[in-house]
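Could you slot chain B onto chain A? The hints should help.
Quick note, the sequences are listed as chains A and B, same order.
Okay, so the first sequence: first residue is 1 according to the UniProt record's numbering, each after it adds one.
Okay, so the second sequence: first residue is 1 according to the UniProt record's numbering, each after it adds one.
Don't take each hint at face value.
Which copy is meant is left open, because identical chains are indistinguishable; a pair holds if it fits in one copy or across any two.
Once the Cα atoms are required to be at most 20 Å apart in a straight line, the calculated SDA-like pairs of lysine to any residue come out as [claimed, not checked]: (1) Lys-44 with Lys-145; (2) Lys-46 with Lys-112; (3) Lys-137 with Arg-122; (4) Lys-137 with Val-123; (5) Lys-224 with Val-154; (6) Lys-112 with Val-156; (7) Lys-153 with Leu-94; (8) Lys-112 with Glu-225; (9) Lys-145 with Gly-55.
Hints were generated in silico from the structure; no laboratory data involved.
2 protein chains.
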Amino acid sequence: MAKDMTLLWGSGSPPCWRVMIALEEKQLQGYNQKLLSFEKAEHKSKEVLDINPRGQLPAFKHGDNILNESYAACMYLESRFRSQGPQLIPEGQLEQALMYQRMFEVLNLSDKLSNVIYYNYRVPEGERHDSAIKRNKENLATEIKLWEGYFQKVEVGSYLAGKAFSLADVIVFPVIAYAFRFGLSTERYPKLGAYYNMMKDRPSVKATWPPHWLENPQGGDTLKEF
Amino acid sequence: MAKDMTLLWGSGSPPCWRVMIALEEKQLQGYNQKLLSFEKAEHKSKEVLDINPRGQLPAFKHGDNILNESYAACMYLESRFRSQGPQLIPEGQLEQALMYQRMFEVLNLSDKLSNVIYYNYRVPEGERHDSAIKRNKENLATEIKLWEGYFQKVEVGSYLAGKAFSLADVIVFPVIAYAFRFGLSTERYPKLGAYYNMMKDRPSVKATWPPHWLENPQGGDTLKEF
Chain A
1 MAKDMTLLWG
11 SGSPPCWRVM
21 IALEEKQLQG
31 YNQKLLSFEK
41 AEHKSKEVLD
51 INPRGQLPAF
61 KHGDNILNES
71 YAACMYLESR
81 FRSQGPQLIP
91 EGQLEQALMY
101 QRMFEVLNLS
111 DKLSNVIYYN
121 YRVPEGERHD
131 SAIKRNKENL
141 ATEIKLWEGY
151 FQKVEVGSYL
161 AGKAFSLADV
171 IVFPVIAYAF
181 RFGLSTERYP
191 KLGAYYNMMK
201 DRPSVKATWP
211 PHWLENPQGG
221 DTLKEF
Chain B
1 MAKDMTLLWG
11 SGSPPCWRVM
21 IALEEKQLQG
31 YNQKLLSFEK
41 AEHKSKEVLD
51 INPRGQLPAF
61 KHGDNILNES
71 YAACMYLESR
81 FRSQGPQLIP
91 EGQLEQALMY
101 QRMFEVLNLS
111 DKLSNVIYYN
121 YRVPEGERHD
131 SAIKRNKENL
141 ATEIKLWEGY
151 FQKVEVGSYL
161 AGKAFSLADV
171 IVFPVIAYAF
181 RFGLSTERYP
191 KLGAYYNMMK
201 DRPSVKATWP
211 PHWLENPQGG
221 DTLKEF
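Just chain A, with the same shape it has in the complex (with noise of 0.2 Å):
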């Protein structure tokens, strides 16, 4: 079935994780995939430039279609597979509406995650600001209380946009991942830290679980004191 679509991929990438999960709950199993290396700055290989002129990943094919945003593909996935495995849009006004808010506003969060995590990569080294690194802890910190308030009115066992899996487990789940896997508290966070607990099993999620994660079970500690 999914002979006719290619991943490229990295290991922890939320984007990538994204596809991957997308795939597995639309039964999209035995897609040509390639596992690449970040620190080798294989996302910048002619392989992926063919399909993604950015140089970033995922870069993903179905046919002559190609869809490299991760909210592209789950959404054009969705679409074209809507039959396959459980329906990932939910059909109630009220639960589509929350489900596109969560979806969309996680962007807030991934990208004040990055601005804290990936401060050194990204900034080069003279243009380094302590002031600049106590901002995006604070602004980092604001986020994450935001997204504890919304689980806290998401019932035990629910999902984000209501009683049925959707979309926006698809999207938001690696992002809180990120989170714990950088030393976030679940004792401090203890409706986040449930929600990952509970979509962590989910057979989708563990078939895509980050290989290196897997390997190296202990991440980093960058979000312990938050």
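Same frame as chain A, but now just chain B:
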């Protein structure tokens, strides 16, 4: 019809403009709306924070459904009012794939535009670096060239995702308009310019043209050198 909708917005903000174009296209005129001033920091007022906890515009409500992210609002409106006005998600697989890819990859363009246009606004004085300004400009120039290239493949009179106007145009056009407002040259980027000129006469776009752009048709010249 649209009396149960409320939009708080700022003039010229591409995310606000998207929602307004979508509302026009879906024939949802007559919604409650209030123009707020970024300069007076009205986006941080209680009125906004009650709907959008990040204090950002747009802040948008339909009944009890809150959709503050422009993508969320546009997708929700299309889903809720599919048969009203033109269908904004094409049926064709190819067109749909292209629509999703373009509407999400434009986040790269808007980020890179903001990094250049709002550098002084975003970066406190003591943290500014010429090397960062130079890098931001290079990244933006590369990105703009990529989009000029995309438009070279769009047939004259066609839209971003094919023969029909779609969500890709709703989402991408305000970003392109923004670039021209800040001085991008239609001579140097003729394909982007042709798209801009075609789109600005579309009734939904004309009806929602940023009021302070009308009052003061002369924009900035930050992008004149690009």
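Results for each hint:
no., hint, result
1, Lys-44 with Lys-145, "between (36 Å within a copy, 18 Å between copies)"
2, Lys-46 with Lys-112, "neither (30 Å within a copy, 24 Å between copies)"
3, Lys-137 with Arg-122, "both (15 Å within a copy, 16 Å between copies)"
4, Lys-137 with Val-123, "both (15 Å within a copy, 15 Å between copies)"
5, Lys-224 with Val-154, "neither (25 Å within a copy, 49 Å between copies)"
6, Lys-112 with Val-156, "neither (27 Å within a copy, 40 Å between copies)"
7, Lys-153 with Leu-94, "within (14 Å within a copy, 39 Å between copies)"
8, Lys-112 with Glu-225, "within (15 Å within a copy, 31 Å between copies)"
9, Lys-145 with Gly-55, "between (33 Å within a copy, 15 Å between copies)"
Violated hints for the displayed structure, listed by number in ascending order: 2, 5 and 6.
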